[in-house]
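> Protein chains in written order, with the working numbering: chain R, 1 to 44; chain W, 1001 to 1485.
Just so you know, not all the hints are guaranteed correct.
As the list claims (entries may be wrong) - Okay, derived cross-link-like pairs now, DSS-like style, lysine-lysine, Cα gap no bigger than 25 Å in a straight line:
#1 R/Lys29 <-> W/Lys1109
#2 R/Lys43 <-> W/Lys1447
#3 W/Lys1122 <-> W/Lys1109
Claimed, not checked - Covered stretches of chain W (chain R as the covering partner; in silico rule of three or more C-beta atoms under 8 Å from a C-beta of chain R):
#4 1240-1247
#5 1256-1263
#6 1408-1414
#7 1419-1427
#8 1449-1460
By construction, these hints were calculated from the structure, which means they are not laboratory data. For glycine and all other residues, C-beta sits at the position ideal for the given N, C-alpha and C.
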Amino acid sequence: MTRRISKYKRFMMMNPIVQFFKFIFLSLKVLVIVAGGHGGTRKA
Amino acid sequence: MSKIVVLGAGIAGHVAASHLRRKLPKEHEVVVVSPNSNYQWIPSNIWVGIGRMKPRDLIFPLAPLYAKKHIDYKQAKAISFYPEGDNEEQKPYVLVEYVTGDEKGKQEKVTYDYLINATGPKLNFEGTEGLSPGKNKAHSVCTYTHAQEAWVALEEVIKQMKQGKKVKILIGTGHAKATCQGAAFEYILNVEQELRRHKVRDMAEITWISNEYQLGDFGMDGMLLSYGSNIMKSNEMVEMVFEDRGIHWILGAGVNKVEDGLAHYETLDGEYKQESYDFAMLIPSFSGHGFKAYDKNGGDITEKLFKGFMIVDADYTPKPYEEWTVQDWPETYQNPSYANIFAPGIAFAPPHGISKPRKSKNGTDITPAPPRTGMPSGITAKLVADNIIEMIKNPSHELHHKGSMGNMGAACIASAGFGMTKGSGISITTYPIVPDFKKYPDTHGRKLGKTFGSIGLAGHWLKLALHYAFIYKAKMKPFWWLIPE
Ligand SMILES: Cc1cc2nc3c(=O)[nH]c(=O)nc-3n(C[C@H](O)[C@H](O)[C@H](O)COP(=O)(O)OP(=O)(O)OC[C@H]3O[C@@H](n4cnc5c(N)ncnc54)[C@H](O)[C@@H]3O)c2cc1C
């Protein structure tokens, strides 16, 4: 095992308050990607 | 009145059937033919495989739901296709065979006006000698029953570790051309976390084995992604996580044979090697179901419909990696020979891979096949349903709904450990799924920002939220259609 994630980073990754906001952000980001739509590629 | 037959009730088939039923007046018939009596939310199988969920948490019976929603359901499997009918039956039909009850073994010609083939992949365990779920200490999490069996075996190994036995755990791909690395990636991280929870982590050597050339390839040629304020390659991100968790890795490995506790594989360097293990989870290759198709006179026309998987509006001209373009990828999933047949989800034949193809020094192809994950499976199924609805309303209609994987984003929320406070997830989004090197030449074919990675507890919550949201949607509960695919 090689520590590749610093203590501070790990704290941020696992802190429920920080992660709550991250959860909202991620949910919106995923929604934007889905709602961003899709289409063909052959006709510009 | 039109009759739409949907083969398969997985993510793609169920999405297509539910949208068709919601949007079409009752005089049109929607028929689903599928051999499994249950709907299963496959992405949560990995949690069954670590004992943190039970199969009942991710399945529900299809028959009562379909009866309530006026969807005709046949618990049967498709065998062969007759897109022109035959001498006795004027209409196109699919020959199906019932798989359960009094009707078991009975065959029926199921006629249709429109056909959606959403039969997904065949789990091709036979493609690797000795690989079979639960045999030779090697397991699978591809279905909920496989995942349950995997957990029973893993639990036993954990018991042995608690009694002081050191063990080797091997997780990854079980074939040189396997896909679905993402599922194996989730499973290895979940297993690693569970071993820590059981306080036996130091008793296990955990190894990732994969046909990927680099970590984080995922059959998508890897990604360049935004990670916080940095730009990172997906292989760097996965390497960081694996090193941090003490997971070893073997790459460019085409597993070709599995014996009791021993995986044989060939490397890209052409060497033949072995890796021993006490518990393994190896994803098999995915193949088409081997369906046959016949014309009106009984002549074999399989090559008009199938190329392993079903032929759709892709450009199948063989070409080298350097000439691959997003335009090769299908947009409508319509069969070019029969305009009333479609194949969304995994059922369609991709034009080629996404990852750069590589051969071993002995000439063996060792390259991940292209993945078609849940989100594109749902999106392509919905657009096929929408096109069929338009065709029913106006048969001469051009297909308006398009969704190429070269112009579609995907979110992959990979669980990296279960638990409301101790869990973790690696959230990756990509846009587009198939890299467009012309549009995004400097960022490995993808749009940065829309292609990003994030690691942490929120990822676990998101994956869990998606589990509940998608099961709610699949059960067609009030306003289910507001939840996007
Ligand atoms: C362990 C695992 C974890 C995964 N995790 C994720 C994830 O986190 N996120 C994600 O986006 N994707 C994930 N995926 C991928 C996702 O599950 C697939 O993309 C998706 O299931 C494909 O949908 P499909 O409908 O095309 O195929 P399937 O879901 O495989 O459905 C095929 C259907 O066809 C039926 N069928 C088979 N043969 C016949 C026949 N002869 N006649 C009629 N019906 C037939 C089957 O019974 C089934 O109902 C995961 C996959 C696995 C295996």
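> Run through the hints listed earlier and report the numbers of any the structure violates, in increasing order.
Violated: hints 1 and 5.
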